Structures are given as structure tokens and as C-alpha cells.
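Starting from the structure of chain B, add chain P where the hints point.
Residue-level listing of the chains:
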Amino acid sequence: MVAQNIFFFVIAAAIVYSGLRVVTSPNVVHAALHLVVVLAAVAAQYILLAAEFVAATQVLVYIGAIVVLFLFGIMLTRAKIGRDQDLTHQGWIGGAVTALVLFGVMAYALLDEYGWSETPVPADPRIASVNGSNTATVSDSIFSAYLVPFEAVSVLLLAALVGAIVLARKD
Amino acid sequence: MDDLLLNQFLLLGAVLFCLGVYGVIARRNAVLVLMSIELILNAVNINLIAFGAMHGSVAGSVFALFVIAIAAAEVGVGLAIVLLIYRNRRSVDLDDMAEMKG
Numbered sequence: 028m029v030a031q032n033i034f035f036f037v038i039a040a041a042i043v044y045s046g047l048r049v050v051t052s053p054n055v056v057h058a059a060l061h062l063v064v065v066l067a068a069v070a071a072q073y074i075l076l077a078a079e080f081v082a083a084t085q086v087l088v089y090i091g092a093i094v095v096l097f098l099f100g101i102m103l104t105r106a107k108i109g110r111d112q113d114l115t116h117q118g119w120i121g122g123a124v125t126a127l128v129l130f131g132v133m134a135y136a137l138l139d140e141y142g143w144s145e146t147p148v149p150a151d152p153r154i155a156s157v158n159g160s161n162t163a164t165v166s167d168s169i170f171s172a173y174l175v176p177f178e179a180v181s182v183l184l185l186a187a188l189v190g191a192i193v194l195a196r197k198d
Numbered sequence: 039m040d041d042l043l044l045n046q047f048l049l050l051g052a053v054l055f056c057l058g059v060y061g062v063i064a065r066r067n068a069v070l071v072l073m074s075i076e077l078i079l080n081a082v083n084i085n086l087i088a089f090g091a092m093h094g095s096v097a098g099s100v101f102a103l104f105v106i107a108i109a110a111a112e113v114g115v116g117l118a119i120v121l122l123i124y125r126n127r128r129s130v131d132l133d134d135m136a137e138m139k140g
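Note that the protein sequences, when read in sequence, are chains B and P. Under this note's numbering, the first residue of the first sequence carries the number 28, and numbering increases by one thereafter. Under this note's numbering, the first residue of the second sequence carries the number 39, and numbering increases by one thereafter.
Here chain B stands alone, though its shape is the one from the complex (with noise of 0.2 Å):
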């Protein structure tokens, strides 16, 4: 359990690290790379949670997928490679305070919600599990009582596949 808290804060400092280079840095290409790093911290998370399947699905689609669009949209948008000091708007300071504040109303409705000692998330969460993995039981839920919501998805996708061409294309 040490060893899960030890690894839990390291990956957590990686995420602040990196989640802050992303909305900070001047420069496009280099907040696209820090926001893979924040991308594969959050799945390492998932993995100490025993997600793993949600882990290994975040990595695949976001860090496969996602990333790589947006490094696609900077290109096609002529972003400037270097340093570029116009990236950060003049009222920057004013999204600082209401980020600041909205984190001091979340943490205090967290800490007195939850407490330090309360609620510990389980030793070994593996949920009744069919093979003794979670995807087994994930893929169950996801078809069986979750079928609608999946289906609607599908389409959600087709849909924004088809929006997305086109949008896209030169007429």
C-alpha cells in the first residue's frame, strides 16, 4: 500500500508538471508533447484504480488518436513552430484568480466531504470479477445493461466522422 501511495504522488507530480506546461507554454508543439505525458500519467492513475482496460483504452485512443490530431491541426493551422509569445491571452490573470478560486471552492468541498481518513478506496477494488480480470466484467456491463448508451455511441461517432469531412473538405 506504500508503495501504490509513493508511485500515486510521483505520477501526480508529473501530471501538475506537465498539465501546467500544457495551458503555459509558448510553444504549440511542445503543450501538445507535455499533454501526452499528462495523458499517459492519468492512465498510469487508472491502472493504481485497477482500470486497466480504461488504461490501456486512453492510451490507445488518446494518445494514439487524439494526440495525433491535434499535431495534424497545428500543422495545417501554420502554427509557429518556435516560441510565440501571442499564444497566452493579455487577461491572463483574471483565468488565474477564477482557476484559483474555483479550486479553493472544490477542495473545500471535497476535504469536507470526504475527509483525509474516510472512504478509502478498496485494497484490491477487482470487482466480481468473471476471469479474474476487470475487462471481462467490463465488457459484460457494456453489453448487457449498457447496450443503448454503446449503440447511441456508435452513432455519435458516424456522425462526427461524416461532420468532420464535411467541414473539412475543399469544396
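Just to be clear, a hint being listed does not mean it is correct.
The calculated label-pair distances, taken between Cβ atoms and stated as ranges, are [stated by the list, open to error]:
hint : chain 1 : residue 1 : chain 2 : residue 2 : range
1    : P       : D131      : B       : F170      : 26 to 36 Å
2    : P       : R128      : B       : F36       : 38 to 48 Å
3    : B       : K197      : P       : L132      : 21 to 31 Å
Simulated from the structure, these hints should not be mistaken for laboratory data. Please read these numbers as outputs of a predicted model, since none were measured by experiment. Built from N, CA and C at the ideal position, the CB exists for glycine as well.
Below, chain P without anything else, positioned relative to chain B:
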């Protein structure tokens, strides 16, 4: 404190969410704003998985998967829109797009 606590995941999610909110407000490049939205969606996913682990339920993982699928759709359409704006105006600076301002 030698157990994984629910609250440390929730607070990490809160930090990531606020970083995303800051990025959405402070960035001028439309692609960077989309990246900040990804940070916000990841914060939500951390919360969903942490609550799912706490309740011993698989619903958190299922909803996180749905969020990932919807994030993929959102980025596809969002980048198509950004590309269209770039093609029409030669710029993706959000400050230049103020026609709807009252």
C-alpha cells in the same frame, strides 16, 4: 495514511480541472483551447474511475470509456471547425473572432 484514499484522486482531478479551465480562459490559439478541454475531460475521468473503485462498481469504467469516445468525436469535429476558420481567415487567434460581440 498508508491506504489509497478517495480524496487524493478527487483532489488530483480538481487540480487538473482547474488547469484546464485556466487554459480555456487564457489561451488565444484555438488548438490550445481544445487541448485544455482534453485536460478537463481527463479530470472528469479520474473522478469517475475513483468513485467506481470506491463503490466496487464497474459503472465508473464504462462511463469513462463513453467519455473517451465522445472526446474523440469532439476533437475531430473541433479541429475540422478550427481548420475551416483558418482557411477562411488565415488565423486561429480567438481574439480576432469577435463579430458576435455585443
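Hint by hint, here is what the structure shows:
no. : hint                        : in the structure
1   : P/D131 x B/F170: 26 to 36 Å : violated, 45 Å
2   : P/R128 x B/F36: 38 to 48 Å  : holds, 46 Å
3   : B/K197 x P/L132: 21 to 31 Å : holds, 24 Å
In the structure shown, a violation is registered for the earlier hint numbered 1 alone.
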